[in-house]
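K.L.:
Make the full structure from the sequences, and use the hints.
Residues per chain, in single letters:
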Amino acid sequence: MNNSADNHWYPVAMCSGIDDPRETQLLGRKISLGGTSGNFWVRDSEGRDLPVIEKYGHLWTSPGKPNRDLFDIPEADDVGRRLVDVGSVRVKCSPLRAVENFLDIAHFPFVHTDILGAEPHTEVERYDVKIHEDVDEIWATKVKFFQPQAAKSAGGGIITDYKYRVAAPTCAVLYKTSPPRPGEWDVITLFVQPLTEELCEVWPWMALYDDDAEMADLVSFQQMIFMQDRSILENQIPRKLPLDPGLEAPTQADLTSVAYRRWLKKIGYSYGAQVVAA
Amino acid sequence: MDWVAVALSQDLRNAMAMPARIDGTDLALWRSMSGQVHAWGDRCPHRGMRLSHGFVRGETLSCIYHGWQYGQDGGCTSIPAHPKLTPPKTICATTYQCVEDGGLIWVALNEVTTAPPTLSGKTPVRSVQINTPRHEVAAHFGDAEATIVNAVDMTLVLQSTDDAHCIAHVLSTADPKVASRWIEAQRAEIEGVAA
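Taken in order, these protein sequences are the chains called A and B. Counting along the first sequence from 1, when you hit position 70 you're at 69 in numbering that gives the first Met the number 0, and nothing is skipped either side. Counting along the second sequence from 1, when you hit position 160 you're at 159 in numbering that gives the first Met the number 0, and nothing is skipped either side.
Rather than coming from a laboratory, the hints here were simulated on the basis of the structure. Be aware that a few hints might be false.
[Said to hold, decoys possible] With a Cα cut of at most 27 Å, we get these calculated DSS-like pairs of lysine-lysine: (1) Lys264(A) x Lys141(A); (2) Lys121(B) x Lys83(B); (3) Lys83(B) x Lys141(A); (4) Lys83(B) x Lys143(A); (5) Lys129(A) x Lys29(A); (6) Lys29(A) x Lys54(A); (7) Lys83(B) x Lys129(A); (8) Lys151(A) x Lys54(A); (9) Lys151(A) x Lys162(A); (10) Lys162(A) x Lys141(A); (11) Lys83(B) x Lys162(A); (12) Lys162(A) x Lys143(A).
Here the structure is a predicted model, which is why all the values come from computation and not from measurement.
P.N.:
Structure follows, in structure tokens:
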């Protein structure tokens with residue numbers, strides 16, 4: 000059961016935060032990890048070495064045999080971007096609910112009030128969603144939303160353009176207008192480590208154009224946003240993400256979430272999903 | 000199942016929402032601006048968010064996640080992401096019968112045609128959670144099947160929240176401080192015995 004979940008890459012630590020070997024969980028199983036940059040290791044509970052990748056500020060592993068490399072974020076190599084390890088937020092919810100919330104803009108005025116959204120600017124205009132079969136990713140484009148304070152670097156309210164990308168079942172990337180450089184996209188990711196089907200460690204990471212803000216302020220801004228999301232994620236019923244239509248009622252604003260649920264079902268990814276309606 | 004007391008009226012103020020539970024069924028209790036109480040299933044039909052975290056505007060309850068607004072009959076009246084859309088009639092919160100009587104808020108999960116029990120002459124004091132099944136608490140006062148227990152100058156109205164917990168809503172003719180100390184002592188004794 001849930002074997003397909005094994006064959007993906009998952010974040011298990013921030014590379015800069017590994018001082019001593021430690022234990023964590025992945026897909027309900029204990030793993031241990033440690034080492035130093037260039038020499039990190041991850042082991043399963045029987046002491047077998049698991050594959051490791053050091054990328055985007057995080058240490059990645061897989062308990063199975065991933066049939067592809069870790070997804071590419073080319074912007075990570077751009078000159079002039081600041082790479083921000085945000086740290087982790089532990090959330091009592093399905094890893095899939097955490098990703099779905101990250102893909103949603105309609106909640107901004109109510110959950111991130113006066114920061115990422117504000118009444119009466121609640122309308123979500125139609126946007127495009129496509130599954131890119133060649134890379135097996137979901138892309139939502141032409142997403143627009145009015146934001147009172149779009150980023151730490153934003154001085155006032157602006158219409159922010161967004162693009163969303165589901166790069167792996169528990170990893171999503173968003174691209175949004177960079178307030179200091181309106182022609183460029185800031186990159187914010189959500190890397191989710193599924194501890195169990197109903198508990199996850201969320202590792203946000205950013206590649207921003209922002210030369211002014213203190214690193215600590217960038218981190219605390221993003222942490223605040225995720226703490227607001229957590230108050231939602233820990234109070235959804237059921238805790239697992241329902242993949243079958245019928246239990247929940249999407250609208251046009253939820254096109255990305257609808258595509259995400261369909262895609263999970265299509266690729267047979269059921270870890271953290273409620274497949275049969277209760 | 001008949002009427003179950005879920006809260007003291009005084010503990011749910013105007014324009015507020017709060018959670019409640021009957022035998023494992025999660026409820027959102029809310030009181031409109033004009034004072035009308037409602038008991039709904041604690042789940043927004045959109046994305047499953049608990050409606051007890053929602054906010055009240057006028058005679059409506061809105062979900063805190065995306066602001067979907069529901070009217071008195073539970074029907075969705077507004078979806079902020081689509082201001083021009085009239086929400087389909089099928090989008091509806093689960094509603095339960097809910098009345099106020101004798102200073103208590105009563106909910107019936109199944110259709111009932113009777114009125115809630117009359118509790119005359121006593122003043123609501125407080126609600127106390129007891130980490131013991133309802134029937135054990137009732138048995139402590141002499142009748143395991145009872146949901147209303149009369150003891151000296153107190154009345155306890157028992158609400159089973161799940162298999163292991165219940166809430167005692169305390170009404171009394173005594174000084175509220177005395178009543179409060181009395182129920183605390185009873186609770187310690189009951190939980191001690193059960194443990």
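K.L.:
Run the structure past the numbered hints and jot down the numbers of the failing ones, going up.
P.N.:
The structure conflicts with hints 2, 5, although it agrees with all the remaining ones.
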